[in-house]
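K.L.:
Model the placement of chains B and C on the given structure of chain A, informed by the hints.
What follows is the residue order along each chain.
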Amino acid sequence: MTSAGRIPEKYRRILSYGAAGLLILIVTLYLVLPVIALFFRTTPELFLTSLSDPLVISALWLSLTTSIISLTIVILVGTPFAYVHSRSTYPGKVIVDTLIDLPLVLPPAVAGFALLVLYGRMGLLGQYFNMMGISIAFTTLAVIMAQIFVASPFYLRQAKSLFEQFDQSYEHTARTLGASKLRTFLTITIPLTASGLVSGAVMTFGRALGEFGATIMFAGNLPGVTQTMPLAVYVGMESNFNLGLTISILLVIISFVIMITVRLVTRNEVHHA
Amino acid sequence: MLEAVITKQLRDFTLDLSFSVQPGEILILMGANGSGKSTTLNLLAGLLIPDTGCIRLNGTTLCEPKEGTHIPIEDRRIGYVFQNSAVFPHMTVEENIAFGLRARRLPKAEIADRVCQMIDLMHLSDLTNVNAGNLSGGQKQRVALGRAIAIRPSLLMLDEPFTSLDEESTGTVRNLTRTVVSTLKIPCILVSHHSADSREIGDRVLQLRSGKAVWEGSPQNIPDDEAACRCR
Amino acid sequence: MQPKTRAQSLILIGIVCGLLLVSAFFAGCTSSTTTPAATPTATAATTAAPAAPVTTPAAVTATEPVTTAAPATTTTPAAVYTYSEGNVVAYTAASLSGVSPKLATDFEKMYPGHKVTFNLAGTQALKTQVVNGAYADVFISASNAYTKELTTGGYFVTGTVKPLTSNYVIVILPKNNPANIKSLSDLAKPGLKIAVADKSVPVGAATTSVMANLAKQAQYGKTWNTSVYSNVVTYETSEPAVASKVELGEVDAGIVYESTYIAGQDKYIALSIPKAVNYLQTYTIGVMKGSTSKGAAADFENFMLSSVGQQDLKDYGFRSL
Chain A
1 MTSAGRIPEK YRRILSYGAA GLLILIVTLY LVLPVIALFF RTTPELFLTS LSDPLVISAL
61 WLSLTTSIIS LTIVILVGTP FAYVHSRSTY PGKVIVDTLI DLPLVLPPAV AGFALLVLYG
121 RMGLLGQYFN MMGISIAFTT LAVIMAQIFV ASPFYLRQAK SLFEQFDQSY EHTARTLGAS
181 KLRTFLTITI PLTASGLVSG AVMTFGRALG EFGATIMFAG NLPGVTQTMP LAVYVGMESN
241 FNLGLTISIL LVIISFVIMI TVRLVTRNEV HHA
Chain B
1001 MLEAVITKQL RDFTLDLSFS VQPGEILILM GANGSGKSTT LNLLAGLLIP DTGCIRLNGT
1061 TLCEPKEGTH IPIEDRRIGY VFQNSAVFPH MTVEENIAFG LRARRLPKAE IADRVCQMID
1121 LMHLSDLTNV NAGNLSGGQK QRVALGRAIA IRPSLLMLDE PFTSLDEEST GTVRNLTRTV
1181 VSTLKIPCIL VSHHSADSRE IGDRVLQLRS GKAVWEGSPQ NIPDDEAACR CR
Chain C
2001 MQPKTRAQSL ILIGIVCGLL LVSAFFAGCT SSTTTPAATP TATAATTAAP AAPVTTPAAV
2061 TATEPVTTAA PATTTTPAAV YTYSEGNVVA YTAASLSGVS PKLATDFEKM YPGHKVTFNL
2121 AGTQALKTQV VNGAYADVFI SASNAYTKEL TTGGYFVTGT VKPLTSNYVI VILPKNNPAN
2181 IKSLSDLAKP GLKIAVADKS VPVGAATTSV MANLAKQAQY GKTWNTSVYS NVVTYETSEP
2241 AVASKVELGE VDAGIVYEST YIAGQDKYIA LSIPKAVNYL QTYTIGVMKG STSKGAAADF
2301 ENFMLSSVGQ QDLKDYGFRS L
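Which chain is which? The protein sequence lines are A, B and C, in order.
Using my numbering, you'd call the opening residue of the first sequence number 1 and step up by one each time.
Using my numbering, you'd call the opening residue of the second sequence number 1001 and step up by one each time.
Using my numbering, you'd call the opening residue of the third sequence number 2001 and step up by one each time.
Extracted from the complex, chain A is given alone in its bound form (with noise of 0.2 Å):
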């Protein structure tokens, strides 16, 4: 007995299931095929030799190693910062928090520009460096700088937020029971917030990885002292397709490696507030 003009049960099941499975493979392929496409645009002996070039070899040890040394200042110096930030209220403390996100919204290469203007020889401040005789752009020192500039934004809104939400009577009962504000930050604070400190430090990482305008605005384009890998793929690109192509595929396999780390570190955590 069915009523009238009803779809029956069975049938709306499976238009559901139909609906959210399509939904699902599309957002998964529109995300996953560009990657899957760089695979297929070479062979594996290629890729393997253009691996030993020395201009990939120069790119990938250069990238790694600025994004690691950005990393570490973002949360060295982040983190102390974004829990301050979240614990107390001073004059201008809206301001602070908006500046923060400033460079998400600021372009690339507008970002490296401002950062030509002020620290480059000529610059604001890079002038009385130029004075004493340290030049900061066109060095591998300009390319961290300029990750920092970009990336540390995704560090400190995570960790701002984190903290800000944290359940603070965990951290009261540790002062209570006698420990330094400093015993309670590393031993009660850090460690329950640690897996969301962790995604934060990744996208930063990965976005560190990836910056392009800045860099070549303010850092400039010098294999072995600036050319980071996302530079050498744009230059690639024209001159030696295959070696872009290399470095594009080695940039994705560094981003697979780092996410599935992450997921395998933090899945152990459990935390009931």
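Keep in mind that a hint or two might mislead.
To give a feel for the contact side, a few chain C residues facing chain A, derived at Cβ under 7 Å [to be verified]: (1) Gln-2129; (2) Asn-2132; (3) Gly-2133; (4) Asp-2198; (5) Ser-2200; (6) Val-2233; (7) Thr-2234; (8) Tyr-2235; (9) Glu-2250.
Selected chain B positions facing chain A (Cβ under 10 Å, derived; list incomplete) [said to hold, decoys possible]: (10) Val-1087; (11) Phe-1099; (12) Arg-1102.
Read the hints as simulated data drawn from the structure, not as lab findings.
Don't be surprised by glycine CBs; every beta carbon is placed ideally from N, CA and C.
P.N.:
Here is chains B and C on its own, set in the frame of chain A:
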């Protein structure tokens, strides 16, 4: 002995209290939500700073704004059990109880000793190495209590510790509290809505409304209209 | 148990359907060749009416109906030469950035109703885009190598590839000459900062040739060449990028086109390079086979080759052929 005279301007009213708690005495702090009970505990612990007044514990001034005295939270030797127990979920029961002792850098042997004592006292022997996050509500509160007592505090405070516990656990923790306070001969403040707490273990009751004490006396004599304000 | 396995099989059906949809989509896309990403529009209604253009385009193959590679599954209509008031998309070597606004104004004056949009980038970048399917009506190349590559690949309408203008290479220094460079030999001074374009950029390749030529001269030699290259701090990806680094004063010298210097004499001072060792870069212009407004494209090419266009280029420092 705890002597507290505190005022603090809060958002809706001014907190203005003057009371004392004797060693071995359990003072029940009652009142409607938002009447200033938790704020009082936080002021005593040092998590908040009063505007004026003086807090003295066993003769030592913990805080006196006029003189500029303010002993930091970690040095006040106050045991504080929160409503949600706040046991550290990333540590085992043993590590939780040992936390305060390790923070004070006591020798390892002594830490092991005291932790053992507490675990026995709180009937947690089977759970020593269990992650505190996996415990039941009642077990967590026992850990919280053991953790607070382990540091041999001069004052014990509990903020609505039985809210999420069942009858049986409530009874257990209540009795443990009584035992501990009597044995250690320390003053104790218990914020509670349960009339049963006043009856079972309360020595004195202080009723708050809008930050002021409106009634003080023995648990047996709680005036009817105040008693009717119990929520449970 | 039953609903669960049923759900699984339904999801499987959904995935298979999705796969079929997606592969159909890709089959459709990949079978077209230089089909533009932009939608082919007005020329669908092909009027063979040869409405008289303002200037008679002599060189354009006006009469033959040009067809795009017409695959079965796409909807691109076979384009036919038709005078259309349209927008010309000109993929143009970046060194024409300075003169492009003037060219646009003058083109529109000469052909009222036409408009031109310049896509300015290093010729190497433009070539890559076109080869991967980007739409262009006209291609102005700064490099013979890339022009040859595109011609061989069949991207131009036959017979439309013409030499446009030329440019020599020059060394520019910031206005205040911070490193006090007086001659080409000074470029080898230790501690200098020099910006050049990457060899994939036409001016970069030209730079390499010029440097090689100079190295052969007794006055400079191989050591000089090596020293200069060790002073290079960046290989930029376009010619204007090199110029801007010099203008900002962030480098002591840069190697760019003469036209950049001539058009910007208030920004730099220059060290000229003798013609004998210099590299004369020839620019070409051509109409793209994939263009759907070939009429307008041809008009643009005519304009560029006309006395007006050529004068504009000359005013901005390019050398007429």
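K.L.:
Out of the numbered hints, which ones does the structure contradict?
P.N.:
1, 2 and 3
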